[in-house]
Structures are given as C-alpha cells and as structure tokens.
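Participant: Protein chains in written order, with the working numbering: chain A, 7 to 391; chain B, 7 to 391.
Heads up, a few of these hints could be off.
Note: identical chains are not told apart, hence a pair may lie in one copy or across any two.
Stated by the list, open to error - Cross-link-like lysine-lysine pairs, in silico, BS3-like; alpha carbons within 25 Å at most:
| # | residue 1 | residue 2 |
| --- | --- | --- |
| 1 | Lys31 | Lys133 |
| 2 | Lys129 | Lys370 |
| 3 | Lys18 | Lys133 |
| 4 | Lys333 | Lys346 |
| 5 | Lys129 | Lys89 |
| 6 | Lys38 | Lys90 |
| 7 | Lys160 | Lys38 |
| 8 | Lys18 | Lys58 |
| 9 | Lys90 | Lys133 |
| 10 | Lys23 | Lys58 |
| 11 | Lys333 | Lys359 |
The hints are simulated quantities; they were obtained by calculation from the structure and are not laboratory data.
Letter by letter, the chains look like this.
There are 2 protein chains.
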Amino acid sequence: MFNNFVYQNPVKVIFGKGQIAQLDKQLPKEAKILLTYGGGSIFKNGVYEQVKQALKGRQVIEFGGIEANPTYETLMKAVEIGKKENIDFLLAVGGGSVLDGTKFIAAAIPYEGDDAWQLVTGKARIKTAIPLGAVLTLPATGSEMNFFAVISRKETHQKKGMGNPLLYPVFSVLDPETTYSLPQHQVANGIADAFTHVMEQYMTYPVNAEIQDRMAESTLQTLIAVAPKTLENPTDYEARANFMWAATVALNGFMGVGVPQDWATHEIGHELTAFHGIDHGRTLATVLPHLMRIKKDEKRGKLIQYAQRVWNLHGTDDELVEGAIQKTIDFYESLGVPTKASAYGVGHETIEKIVQRFKDNNVKLGERGDITPDVVGEILEMSIA
Amino acid sequence: MFNNFVYQNPVKVIFGKGQIAQLDKQLPKEAKILLTYGGGSIFKNGVYEQVKQALKGRQVIEFGGIEANPTYETLMKAVEIGKKENIDFLLAVGGGSVLDGTKFIAAAIPYEGDDAWQLVTGKARIKTAIPLGAVLTLPATGSEMNFFAVISRKETHQKKGMGNPLLYPVFSVLDPETTYSLPQHQVANGIADAFTHVMEQYMTYPVNAEIQDRMAESTLQTLIAVAPKTLENPTDYEARANFMWAATVALNGFMGVGVPQDWATHEIGHELTAFHGIDHGRTLATVLPHLMRIKKDEKRGKLIQYAQRVWNLHGTDDELVEGAIQKTIDFYESLGVPTKASAYGVGHETIEKIVQRFKDNNVKLGERGDITPDVVGEILEMSIA
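Based on the sequences and whatever the hints tell you, model everything.
Facilitator: The structure is reproduced here in structure tokens:
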C-alpha cells in the first residue's frame, strides 16, 4: 500500500496564449523587481518585449546571463545586486535553469551566513526567501510548479539539488507560444527530461497506488503521443500546449505522493553534466535504460505494468520486461537523444571518478538504496559498452 | 484546443492512517475553534475521540447536527454562535455535507448584510471568510480539496451551489480508516458521486486536452476497479485509500482545467433532492445515463473515446456509443444505485415542477448551454419511463 503523505502545492499556474500580460495583476504593486533571464533568447522571441510591456511603470532591475546548469558563481552576482538594491520580488523569465537559479537567488538574498553554497548542500537551512514568479519559455524541468532547484559549482565540478517550500513560485505563466522558436534539440531535451521525471516516480515497485500510477502512465502516454508532433511542427499550438502542461505535471509532486521514488538516474546524470557538460535531459537518456536493465529483477512488477499500460505490449513477463526497456531506448532515440554515454566521449576515467566520488560520500541510490557506487559503475559501463 | 486557464489549489492534504493526530500542528495555537459535525456518527466510529485528543488544551465550541444536504436553517444557528463567540477557526469533521455547511458558516460569520442566503445565490459577494480545516470521513464530494459548497433551504425547496477561493480548506485530513464503519449505501453513493464528478468534466466534446482527458480516464478506471473491492471488504485499507484519494482528485479542479464542462446532471439532480429528498449521489445516477442518450450526437466524440479507453470496448462507432451508455448504467447498478428516478417515486408532477422552475429562471444547462428546460423534461421522462 502507498504510504501516508502530505501534499500541498500553492503555485498559481497561468496557462495559455497571451498570458504574459497577466503579470501586471500578479506582481505586488510597490515591489522592486529583479528580472532574471538567461543567454538572451528572450530578446529574439519577443518574450522580453511582452514582459517589459507588462511591467511598465514598475521599478525593475535586470540580471541576464544565467547559464544552462546555473552556477553558484554567476548567481552570487545576482544575490549581491539583490541585497544592495533591496529587491523584494524576483521574476524569472526563461527555462528551468533560469528558474532554478532564481530560486537559489531567492534563498540567498536574505541569507545572513558567510557561505551561501551551504544553502545548496543543506548545511544551512533556508529560513526565509524573497518571493518569486516565473515566465516559463522551455517545458522540461517542472521547476515552474515545484520547489526544487539544481545548482552547479564550476570551481568544484559539483551539481546539487536543493528544495524548500519557501521556493515555490508564487505564480508561473506558461504560454506555449513562447516556445515556438526553441531549437529542436532543446525541445527534444525537454521531452526526455519530463519523461524521465515521471519514470523516477513510477519505475520502482508496485504499491497499488492506482491514481498515482495512472497519472504517471497518463503523462508518459501524453509525452509519447505529442513528441513527434511537436518536434515536426513547432508552431502547432495544440501539441506544444499538451507538451508544456505534461512537463509541468511530470514534476509538480502530485503523481509522486506516497509512492517509492528512484532518482538514481538524475543523481548519476548530474555527475555526467558536472564532468562533461552534457545537457541535463541528455544525461538521463544515457543512464535510465541501463539502470532499468541492471535493476530489472527489482523493478520487474512495474516494468511489466509499464509495458502493458503505456506501450500496449503483449507477451510473457520476460518479453514484457525486455520490451519495456527497448521501447524506452527507442523513445529517447526517436527524439534524437542518444542512449549511450559514449556518444559524448564519456570513458572509463570519468566513470571511475564518479564512482569514487559516490564512494567518498557514501552514496546509495534508488528506491531501495541498493544502487551502490559499484552498481553506478556497472550502469555507466553498460552505457559506454 | 483547450482554453487558457488559471489553476491554483492551496489545500494541504494530510493523507493516511492515524493522521488526525496532526491536527494539533495544523491549527493556529490561540484560535478559538468551532468544531462542526453531523448526525453523530463520529461518536460511534472513534473519530470524535481522536479529534478531541488532538485538540486537547484548546478552546473548542461544538456544533453538531449538520444534516445531509445541509440547510440554511440549521447552519444559521452555527453562524449565530460563531458571531457571538468570536470564533476564529472552523474545524469540520464529517462528510461533504458537514464540509459544505462549514464553508457556508465560514462565509456567513463575517458577513454583515441582513440576508446571508444571498451568499449562496451570489447576490452578495463573499469578501472574507473564517479559515477552516477538515477531517473527512466520507469520500464522495471532493469538498475537502475545493472551494465549492452546496446548500439547501428547506423553506423554499432550494438547493444551490456556491464557491469562492476564500472557502478552500486550509488543510484536510484524509484517514481511510475513519470510513470503515460507513454504511454500504453511503459508500456506494460516494462512488457514484465521485464517478459523476469526473463525467461532468469529461463527457462533453473533445478539445484534445491530453493530460486532462487521461486524468479523468485514470480516475474513472480507478473508481471502477476499486468499487467492488471496497464494497465487499470495507476494511481493506488499500481499496479504501484508493477510493478516498480518487474521490478527492475527482473534484479538485486539476482534471477540469481549460476543458468544457457539463454539470447539467448535478443541476437536475439537485432538484430531485430538493423535491424528493433523494441522496445526492443517487440522483446523479438517475440523470446522467439518460442525458448521455439524449445528447449522444453532441457528445459522440467523447462517448467513443470513453468506451475505448475506460471500458476497452471495440466495435463500430455506433456500438461504442451504445456500449458507453450501457456500461455507465451497469456501473451505477453494480453499486446498488438505481438509474431510474421512478425507483424513488418521482413522477410527471415533479418533472413538471422542475421544468417550470428552470423556465422561470431561464436556465440553460450543459457544456453548450443547449439543455433547455424542455430537454431537462425529456431526460427526466426517460428516467421514469
């Protein structure tokens, strides 16, 4: 049976065409706003103009240049501005990296300790945060409707997750039209990311949580159906809207209540990004299929259910297990996302480094805590074999 | 394509065994609490004891006797106590009727107008409300995670829905064990109610809202699978927990974002309760199948999808439409819930009164507004034929 749980998600989602104009109503009237964004794509796709229009007459300071896999080093510059300028609201405009980075900024501005990195590692507790809102331009991470953030540190090749209910966005604007100009590979990465978020919460062992399982299956089926459409025709509003909402639902906490969760794929993937700079969504595709194969006995019940309900496969249990893994590989590959880490030049040396780091930190991953550093090594060796 | 939407649901759900003990942490320390409940079942099933234990050392005033289909007349007595005693938190312990009634009390205590019934009819606006929490003991209405309430008025045979975001419970405790002692017919009513809530949001016309449709289908499939189990074995925790969570999800707003919704079955059902006192869940079963039949051309696309995805039917489109209606009838009947209003003695006279009332108020129901009073008459005539 699924476990007791507490569920609460206060984020106000404002979804649809032209909804950036709603910003004016959502933002506190007298707030001094720090507008955060990334590498400048919002200047090309018209989003910046729409946001500025909605912010007319307000006190706004801008902070651009938050990179993919947002770094502590960059974000601390925004924190400094935030402190100096007495910012009282953050508005993140961009994809998951900008949103995640802005969550860190929100926690770090009011933080009074010396070393804000401790907010990421969990050594310091987040006691308060500047409120933040978001305009999402890349469906992928789910950051727009959860309280998680993943922050990297260049200096030490670290990539760490943090989370706190104080970091829920107050609101998130999701306008599918803002995503029309995304490069194909980013859309593919986003689909891979969202798909894997669901799998982390689903591909464990059965606890007969009917609603949670079917929600997960619904989201997988939606992503599978919508992927070829939205890749082929980026301005198909319907396909893009379904993708965008699916990616949000994939990690807003709802399908994961009370059920075992894995997240080993993400932990391992973060290391591949930390050492090789591989796009987040792409790292996941190089890990999950091999993890599924190595853990196929432990995940057998769910692999069979997934094969039947998501992929409509028929056959013996062994055939279903194998089919489940193969379909997962085929799906990632259909997005143009490789399922081998060797495609990015990852070799034995990197694997050794990752295994060693996990050993040093005594890390045990997975829903049963049985993915030891050596098992991580096996998974990654399979990914470069 | 599905419409633009705004979604926000701040309710904190505390789900599982033994969770009533969490009340102490959830309630504001110094609050003067009005504890509301129904006909006294909470004294027999141990819930009252658990609640009192959790409330130890607090200022609590009790108000019992909120009836099924809670009446304005009864609730105004609680409002009077609330005003006189300066109550600042309401704790509803019971099923949907107690929760709905308590939402009205929450709005009416701070209301300064002469006629609190206007809060129900919408003639007066709800500007503020006393915060409320809930301990749910009957899965059915979804009131524990939404801001709606349905209130009856004896004097005028009226039953009306009201809603306002100020009426979201701050928290709701859902312990499946509190439902073990429910009479079978109440469990059956609850299943019928939750099932129909989903149908109201789903059985309209397709707008290719993949997540919303699949969420609806997931919830229907869960209810269908769990119904015989939980009716046969009321103390099967797993079945009861899946039912309880499904009933909450069925009406927490999530599956209904941006999609057309019907709600004619509820509007008509409310009239059957108002005139004949039929249990709410039971009225729905006497309306929906006939509404589906009369509106089968308008609802054709969704009837076919429902037949295929929820009931795994195969055949021609016409066979699927017919199968969809028949399966719905069979499902209600399998719960011991009749699908004919004649089973309750409803006759032509009542139908005429209902049609007349809808005519007087110029009511047009359904997702297209094409269920005129005369169509309501047709539906109800089919239900007594």
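Participant: Going through the numbered hints above, which ones does this structure break? Give me the numbers in ascending order.
Facilitator: 7, 11
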